[in-house]
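Protein chains in written order, with the numbering used here: chain A, 1 to 100; chain B, 1 to 818.
These are calculated hints, taken from the structure and not from any lab test.
No residue lacks a Cβ here, since even glycine has one placed at the ideal position from N, Cα and C.
There are no misleading hints in this set.
Derived EDC-like pairs (lysine to aspartate or glutamate); straight-line CA-CA distance at most 20 Å: (1) A:LYS78 x A:ASP27; (2) B:LYS51 x B:ASP154; (3) B:LYS595 x A:GLU100; (4) B:LYS135 x B:ASP175; (5) B:LYS609 x A:GLU100; (6) B:LYS626 x A:GLU69; (7) B:LYS595 x A:ASP97; (8) B:LYS605 x A:ASP27; (9) B:LYS628 x A:GLU100; (10) B:LYS605 x A:GLU100; (11) B:LYS615 x A:ASP27; (12) B:LYS615 x A:GLU100; (13) B:LYS658 x A:ASP67; (14) A:LYS74 x B:ASP603; (15) B:LYS648 x B:GLU660; (16) B:LYS655 x A:GLU69; (17) B:LYS617 x A:GLU100; (18) A:LYS94 x B:GLU311; (19) B:LYS609 x A:ASP27; (20) B:LYS608 x A:ASP30; (21) A:LYS76 x A:ASP30; (22) B:LYS631 x A:ASP27; (23) B:LYS635 x A:ASP27; (24) A:LYS96 x B:ASP611; (25) B:LYS41 x B:GLU53; (26) B:LYS628 x A:ASP30; (27) B:LYS605 x A:ASP97; (28) B:LYS557 x A:GLU66; (29) B:LYS638 x A:GLU69; (30) B:LYS641 x A:ASP30; (31) B:LYS132 x B:GLU260; (32) B:LYS655 x A:GLU66; (33) B:LYS626 x A:ASP27; (34) A:LYS78 x B:ASP603; (35) B:LYS458 x A:ASP84; (36) B:LYS628 x A:ASP27.
So these bits of chain B aren't anywhere near chain A, every CB distance computed over 10 Å: (37) LYS41; (38) TYR99; (39) ASN172; (40) GLU237.
Each chain, letter by letter, is given below.
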Amino acid sequence: MLKKALIVSALLISSANAHTAVMSCFDNGDGTITCEGGFSDGSSGSGISMYIKQNDRKIVQGQMNEDSEFTFNKPKGKYSVHFDAGKGHVVSIKGKDIVE
Amino acid sequence: MNNIQVALVGQPNCGKSTIFNMLTNIKQHIANYPGVTIDKKSGTFNYNNSKIEVIDLPGTYSFSSYSVEEKITRDYILNKDTDIIINAVDASNLRKNLYLTMQLFDMHKPMILTFNMMDVAKQNGLEFDLKKLEKLTNSKIIQTVAAKKEGLSDIKDSIIEVKKDKLKYISNALDYKYLQKYIDLVKELIDNDSFDVSRHYISVKLFENDQQVIENIKKINPNANKILDYVQDLKNEFKEEFNISTEQYIVKIRYEKADEFVKACTVKSKKQNRTLSDKVDSIVLNKYLALPILGLIIFTLYQLSIVYGYELTNITWPILAWLKTTVISFFPAQNIDSIPYLTQFATWMMNSINALLNYLPIFLILFFLIALLEDVGYMPRMAFILDKLFVKFGLHGESTLPLVLSGIFAGGCAVPGVMATKGMNDKRAQMATMLTVPLMNCLAKIPFFTLILAAFFKEDMAIMMFLISTITIFVALLVSKLLTLSVLKSHETTPFIMELPSYHIPTLRGLLTKVFDRIWLYLKKIVTIVAAVAVVLFVLIQFPGISKEKQVIFNSKAEDMQKKFYTSIQDNKYYSHLDEKTELKDFINYYNNYKSQRMNTTDAKTAKKIDLVFKEKNELFFLFSKPKRNKEARKINKAFKKLIRTRKALFREVKNEKVENSALGSMGKFFVPVTQYAGFDWKINVAFLSSFAARESSVATLGALYEGNKDTFESNSIASTGGYSSLGAVAIMIFMALTPPCIATMIMIKVQTNSYKWMAFAISYPMILGLLSAIFIFQIGNILNLTGVDAMIYFYIFVVTITMLVSLIPNYKKEKIC
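So here's chain A without its partners, still in its complex pose (with noise of 0.2 Å):
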């Protein structure tokens, strides 16, 4: 029987929650920043696609690790972090708006 009521409630239980990508970066001061990316249902982003633009070019590429974070060292000048999720799940953050 209670095999059967977990069973049930099991199936009750289903997928994976409307959800959209988030991301947010933070200096660290040190001269790398730390980008956190995952999903507005509180899941994590490990394994997703990541990549820092400059003048139109990608000039790091790599994915989100374990702790769903990715850090890489600050470029010069302009430059902007994209969390690639796959269409309509794009997150681009502008190097100006990570502030020290």
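Dock chain B against the given chain A, drawing on the hints supplied.
Relative to the frame of chain A, chain B by itself:
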């Protein structure tokens, strides 16, 4: 003060709701009719020392088929507390609208007829002699242009006037010509005392074979069987003599009468060759242009709501993030080696609720645009264009909107999709639509597909994305057809009789009312229930928790982590400020708090302010968080960050252990005997299950999964070592594409069908379908040694072929008493 109860009745698109809004202004109240989920809108206003309550009844074309809306409307009108009926008719589309009026005449209630949309009628060259019609029908008739608030005081005056002299305004019942003498015969047999309604009405309904009236008679009248047998005899006699069934004859007479009235009261009909609506329709419904225009409108709808709405969420998200941080800050602080249950719970709840609130900007735009399309009058046309295609699959022209909203291409949401099925008249198609809508590409699935495609199909990403996001349309059509031929067989279906109302310019007020009604429904029904379910889920995942042995291991790991930290900073000049555990704990909370506040900031001024506040709170901690050029502090910072990383990894480990031990973990193992054929081991099952439950999105779980198998992936020996091959990836993706929708959608299905059975069905059939498809792909693919891309292409062709084939099977038609 006098109380007057007024029921507002009319066909859809006659401007009934606009009249309602005009009358009641903002004093509206929305509740549910008992037992059903149709909104009951009522409003009150005071006029001439009377308190007038208006009920806005659901729009209905007739009272002949037994949809819930029609039943409610009918019951309400016949209720003896209802003093006056206001029947709104679209004056520009009089003949069709009067069909309902003819049925209302049979009900013998004091009635006010409002000829609404007089401006459109005039534009179309129509003018009416309403005095003449008043004499013919015995009801009060007035003209209104509700959209411009014309005729407001006329309605109010009429209500008072009719109430004063009720009997005077009871409309004449229709004369059913040849059938009338039969009706009269039965009338004599009906005992009037046991009914609140007229004998004429009951008699007519008996000849219409109205089940509800028949049931009623059986309950009340001891001679019921005799009467019913007599009616049957008369019906047979009539059919023999006039070669038409009484049911059909009644419909015929009503249309004839409607025509008669139209003729009698129309004084001027300088039939313009083409009205403005006709002109627009000649383009919008043009054989060649209809589809491209429809496509363009859908694309715009999608672009504005989903794409731009999504961008708006980037602006609104920080507010929600702030809300979350603020709420959590009231809960106990984190320990070095654990997070208190209460704080975990608060985080969990805030995440669950924020996930839903985050969608509000999208829904606001979406609901507004839909209300706009509805009020302009394009919606029925959209249904008209696609009906031919959809009918083949048991759907209906009206299924278009729900399917579009749910993401017919790349990303929608099933919640508004299911909500949009509400107005559908064809009950069978409505169910079919509601059950297939969740198969569409909901927005939440997109990152998941992208991630897995990037991992396994880097080169064929575009084609794979196209295949995966369009295959669901074919699956939906297929499923709908199969459901129509099986479980939905006995549901009532109605032929496509959809009028195309004249286009009209909507009012902002009307639009906003609709938008807020729907948003409110979403908030009320979804957020509250999801919050309740989130509590249950939290418990399910937390307990029974971690075994004692494991806890010992985790404890020693936590000890280790702290030891390492202290060893690395023991010579540091700041050592004494962190050497006590409470100090370290405080610093961890300080740092996390600082970081999350700074993360939500994008402008330099606020950032400086936050820095100042934190500096004031604890100067040393601030220095450790932002050491700048201070060498000693930098060392602390470095060691501390390492500690934080290890701590996070440890927490992750604890969480995984917890999930494995939990009810969900056991279930993952429980399903292995079946899922192994699709290539899912127990860990994937748990990943899926926890993705259902924990709202740790599938992206995260599969992300971890992919990370875990990176080595095998790179060593290129995936298939042989039992890691995840591209074939396995396709199986997983297909499963994900077809698996049940999110909890919010499920709740919405419960709300719409008012049945847990259908909700359970809506959850279980996609699971079975998804699993069977995954097994099919994995097994056949393995036997034929197919790559993922091959398997996907073959499966696609397979599904499309079957879908095309089943479209040839005629739909089972339930015989309808008409």
